[in-house]
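> Protein chains in written order, with the numbering used here: chain A, 1 to 306; chain B, 1 to 306; chain C, 1 to 306.
Worth flagging that the hints you see were computed from the coordinates, not collected in a lab.
Please note: incorrect hints may appear among the correct ones.
Derived pair list, reagent style PhoX-like, types lysine-lysine, alpha-carbon separation capped at 25 Å [to be verified]:
no., chain 1, residue 1, chain 2, residue 2
1, A, K88, B, K276
2, B, K187, C, K27
3, A, K276, C, K88
4, A, K27, C, K276
5, B, K276, B, K254
6, B, K88, C, K247
7, B, K88, B, K187
Covered stretches of chain C, going by a simulated chain B footprint (3 or more residues, C-beta under 8 Å) [said to hold, decoys possible]:
no., stretch
8, 8 to 16
9, 56 to 64
10, 88 to 98
11, 272 to 280
Negatives, chain B to chain A, calculated, CB over 12 Å [said to hold, decoys possible]:
no., residue
12, G21
13, T278
14, L280
15, V298
Quantities reported herein were computed from a predicted structural model and do not represent experimental measurements.
Don't be surprised by glycine CBs; every beta carbon is placed ideally from N, CA and C.
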Amino acid sequence: QSSITAYGLIDVSAGISKAPGATASVKSVDSGKMTTSYYGFRGVEDLGGGLSATFNLEGFLRADIGASGRSATDNYWARAANVGLSSKEWGTLRIGRNTTTLFVATLSFNPFGDSFGYSPSIRHIFTSNTVTGDSGWSDSVLYTTPNFSGFTGSAFVAAGEGQGGRNVALSGTYAAGPLAGSLVYQKVQKDGGATPVDDTEVTMASGSYDFGAVKLFGQYASAENLTRRIDYKIYEAGASVPLGAGKLLAQFGKISPSTGAARQTWTVGYDYFLSKRTDLYAMAMNDKLSGQSAGRSVSVGMRHRF
Amino acid sequence: QSSITAYGLIDVSAGISKAPGATASVKSVDSGKMTTSYYGFRGVEDLGGGLSATFNLEGFLRADIGASGRSATDNYWARAANVGLSSKEWGTLRIGRNTTTLFVATLSFNPFGDSFGYSPSIRHIFTSNTVTGDSGWSDSVLYTTPNFSGFTGSAFVAAGEGQGGRNVALSGTYAAGPLAGSLVYQKVQKDGGATPVDDTEVTMASGSYDFGAVKLFGQYASAENLTRRIDYKIYEAGASVPLGAGKLLAQFGKISPSTGAARQTWTVGYDYFLSKRTDLYAMAMNDKLSGQSAGRSVSVGMRHRF
Amino acid sequence: QSSITAYGLIDVSAGISKAPGATASVKSVDSGKMTTSYYGFRGVEDLGGGLSATFNLEGFLRADIGASGRSATDNYWARAANVGLSSKEWGTLRIGRNTTTLFVATLSFNPFGDSFGYSPSIRHIFTSNTVTGDSGWSDSVLYTTPNFSGFTGSAFVAAGEGQGGRNVALSGTYAAGPLAGSLVYQKVQKDGGATPVDDTEVTMASGSYDFGAVKLFGQYASAENLTRRIDYKIYEAGASVPLGAGKLLAQFGKISPSTGAARQTWTVGYDYFLSKRTDLYAMAMNDKLSGQSAGRSVSVGMRHRF
């Protein structure tokens with residue numbers, strides 16, 4: 001009956017950073033600059049006839065200060081908490097708290113993955129007030145189709161529960177050989193906490209091609225803040241180049257809003273793999289909002305998967 | 001030395017519910033409607049001579065929103081946190097936070113088990129202001145006798161620690177073949193949190209008989225709120241009928257108070273087992289407090305043990 | 001890939017205690033009187049060439065009430081949260097939240113170990129306002145040398161991150177045969193929470209010698225509160241005597257401050273081992289601050305490692 005796998009990732013780094021518009025820089029030890037540190041438990045039970053039951057429990061953590069969650073207000077199992085049924089023939093259904101398909105598409109099509117510290121894509125879509133809603137949705141049901149010759153689709157709904165309306169997302173992904181692409185639509189209306197969040201709608205197209213000597217990434221998103229009537233166009237282009245036991249990474253991205261400050265972000269870095277599970281990295285970012293002095297940050301860190 | 005077993009249960013459902021007296025119903029995704037979701041760690045060390053050392057650490061969780069605890073104010077390991085010694089000859093002693101014997105008796109003698117969403121017994125004894133104190137007691141010592149031809153007894157004390165007085169409980173259980181019965185006495189005086197809880201005293205008699213084609217359950221409790229001088233009589237009758245790969249479940253229960261609104265609750269449902277560890281369920285409840293419109297709720301859900 | 005070891009310790013006891021200066025005593029069930037209860041996960045990955053990657057995640061818990069942390073304000077993984085590289089040739093580097101070398105030296109050279117309930121050493125150095133900073137430092141980098149014929153040294157820094165300045169510590173330890181000794185210097189400037197903590201500096205020398213029939217322990221610390229300009233001299237002497245399947249433990253310690261009340265603390269106890277992993281203990285302490293009635297406490301408890 002011991003059907004549990006424990007796993008996780010801890011990412012800790014030392015660095016110097018200055019926020020856009022700030023005058024002073026701060027030296028710090030940080031958690032999760034490349035991948036938000038987390039741990040969790042998962043399991044799969046074979047029910048026979050190609051059907052499986054699954055569960056996931058995953059919590060973020062701040063390894064630099066020994067705290068749970070991404071922040072003091074985060075729920076403990078905010079990364080994932082769900083049960084589901086999975087069938088090769090019928091696809092997968094998961095209910096509970098699920099990672100959004102927008103987040104998965106964002107991290108899959110940029111060279112810095114799910115880095116809240118250094119990925120321009122993550123920064124522009126998840127922490128620049130362009131799109132609301134978290135990277136995971138509570139009270140949600142996620143259906144993913146089986147893989148049809150490289151194509152998978154998904155439908156995702158989060159119950160409103162009297163908190164401003166439900167969230168919905170639809171997405172399609174193609175992956176075969178060196179080519180991959182994704183199209184995601186998402187509408188957020190649900191209010192999570194004490195204060196209502198703005199309603200937003202976003203459509204994002206992503207693609208990547210792996211030439212071997214270099215892998216190229218591109219993303220374009222059109223987001224609308226329905227509450228404030230602001231449009232955002234988001235452009236991202238990046239490359240990953242295998243070099244020695246690691247990879248040279250680079251990306252440029254920008255936000256063009258209908259109202260407010262534009263943002264341009266450059267990141268370059270080198271990710272050196274000591275093993276499949278452990279890497280050392282050095283990253284540098286320039287993050288410019290129009291009308292403010294540029295934000296700058298550098299980090300050297302270590303990431304360990306277990 | 002790796003003597004730890006990890007385990008748990010996640011229960012997530014979708015449903016529609018209207019509280020007694022409310023006018024609107026809410027569609028929601030919920031955690032723990034049939035069994036409050038939890039996970040934990042336990043271990044047993046053989047000390048020789050028939051003696052064992054044991055430990056338990058168990059925390060509730062709200063899988064629908066990825067949160068720990070039954071509520072935002074719950075302690076992380078609120079389900080259990082204790083160490084103990086166990087002997088076939090001398091019985092078991094556990095110290096720390098322990099599940100109450102009243103809760104174990106309540107869940108053992110009704111067809112819906114420990115369901116805070118759908119069991120009339122749990123609802124009437126633990127969430128209707130009839131009995132105070134949680135389903136687990138902090139600062140407690142629990143002694144359980146060995147099994148004497150089907151009989152076991154227990155004594156349970158929670159130290160007052162200057163918080164209104166100590167809690168005590170005494171119970172006896174009989175189980176042999178198709179017949180089982182239980183008698184529990186409990187007195188609560190200890191104040192857990194910021195505001196004092198009412199002192200209460202309860203005696204509950206429970207029984208069940210498994211005819212094979214149907215298992216019948218009955219409970220009677222006499223509770224007194226010593227602080228407010230209110231008496232409650234609680235009557236519960238239920239049945240579980242094996243049907244296909246599942247069970248048809250039904251129960252009726254009521255509270256007759258000396259003062260205040262009487263309560264009558266009906267629940268029916270079907271619990272379908274995909275395996276020993278995974279079931280799908282459909283439940284419906286009618287919950288009527290005199291003088292108010294009836295509460296109604298339906299849920300379809302999935303429960304997975306790991 | 002399942003490279004995780006889960007482990008921990010639960011310590012629960014029943015006792016009577018009266019704080020120094022208090023008039024009434026309280027009967028209580030307590031967690032962590034001898035060792036603060038905790039659990040955690042750790043792993044080591046062999047990277048080849050004598051190099052390893054390591055991680056640690058450890059959280060305290062209050063088993064008496066089923067809560068995480070040492071207190072309601074403690075971070076969940078406050079005991080440890082770090083990643084690192086370890087080499088027999090080059091030593092060990094750990095980054096994240098690390099246990100302080102002062103805490104390790106304090107617990108290693110007194111018969112009651114890391115007991116916040118009964119060790120005079122822990123009491124005088126960590127809970128008597130003599131030294132500030134926690135037993136673990138957030139945002140820290142810890143380097144430990146390889147073992148050179150019994151000698152190891154370490155350098156420890158916690159980044160200030162704009163919170164009052166950085167913390168630093170240097171220490172050397174010798175252990176060979178029956179003799180062991182340690183010298184630790186530590187300066188605390190970093191402010192952890194909402195209110196600034198006093199800056200403090202401490203130098204502590206510790207030694208122990210195991211004669212077989214008795215093991216003797218001694219500690220001397222000179223601490224200065226740089227913010228309030230108060231000096232503290234701390235003297236500790238203890239002994240551990242193997243007796244039957246257990247050990248008789250005794251210690252006396254005192255604090256002589258340049259300003260304020262002096263403190264004298266006596267502890268005696270017997271620790272009986274049911275196995276390597278499980279012990280029962282009985283402890284008594286007399287804790288006297290000049291000008292106040294003496295604090296007194298006794299506990300009988302059980303400690304289980306898993």
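> For every hint, state whether the structure bears it out.
To see whether the hints hold, each was checked on the structure:
1. Restraint check for A/K88 and B/K276: satisfied, since their Cα atoms lie roughly 22 Å apart, inside the 25 Å limit.
2. This hinted pair checks out: B/K187 and C/K27 have alpha carbons roughly 19 Å apart, not beyond 25 Å.
3. In summary, the hint linking A/K276 to C/K88 is supported, as the alpha carbons are separated by about 22 Å, within the 25 Å threshold.
4. Note on A/K27 and C/K276: the hinted pairing is violated, with a Cα-Cα distance of about 45 Å set against a maximum of 25 Å.
5. Of the supplied pair hints, the one linking B/K276 and B/K254 is violated, its CA atoms being roughly 32 Å apart against a limit of 25 Å.
6. Using a Cα cut-off of 25 Å, the hinted pair B/K88 and C/K247 is violated, with the two alpha carbons roughly 28 Å apart.
7. Taking the CA atoms of B/K88 and B/K187, the gap is near 29 Å; set against the 25 Å cutoff, the hint is violated.
8. Interface restraint, the stretch 8 to 16 of chain C with chain B: holds (6 residues with C-beta to C-beta distance below 8 Å; minimum three).
9. Chain B is given as covering the stretch 56 to 64 of chain C, and this holds because 4 residues of the stretch bring a CB closer than 8 Å to a CB of that chain, at least three being needed.
10. Here's how the stretch 88 to 98 of chain C fares: 0 of its residues keep a CB closer than 8 Å to some CB of chain B, so the rule of at least three is not met and the hint is violated.
11. Figure legend: the stretch 272 to 280 of chain C, annotated as covered by chain B; annotation consistent (4 residues with Cβ-Cβ distances under 8 Å, at least 3 required).
12. For B/G21, the condition that its CB be more than 12 Å from all CB atoms of chain A holds, with the nearest at approximately 17 Å.
13. Against the 12 Å criterion, B/T278 falls within the reach of chain A, whose nearest CB is about 4 Å from its own CB.
14. Listed as a non-interface residue, B/L280 fails to keep its Cβ farther than 12 Å from every Cβ of chain A; the least gap is roughly 9 Å.
15. For B/V298, the condition that its CB be more than 12 Å from all CB atoms of chain A holds, with the nearest at approximately 14 Å.
Checked against the numbered hints listed earlier, the structure breaks hints 4, 5, 6, 7, 10, 13 and 14; every other hint is satisfied.
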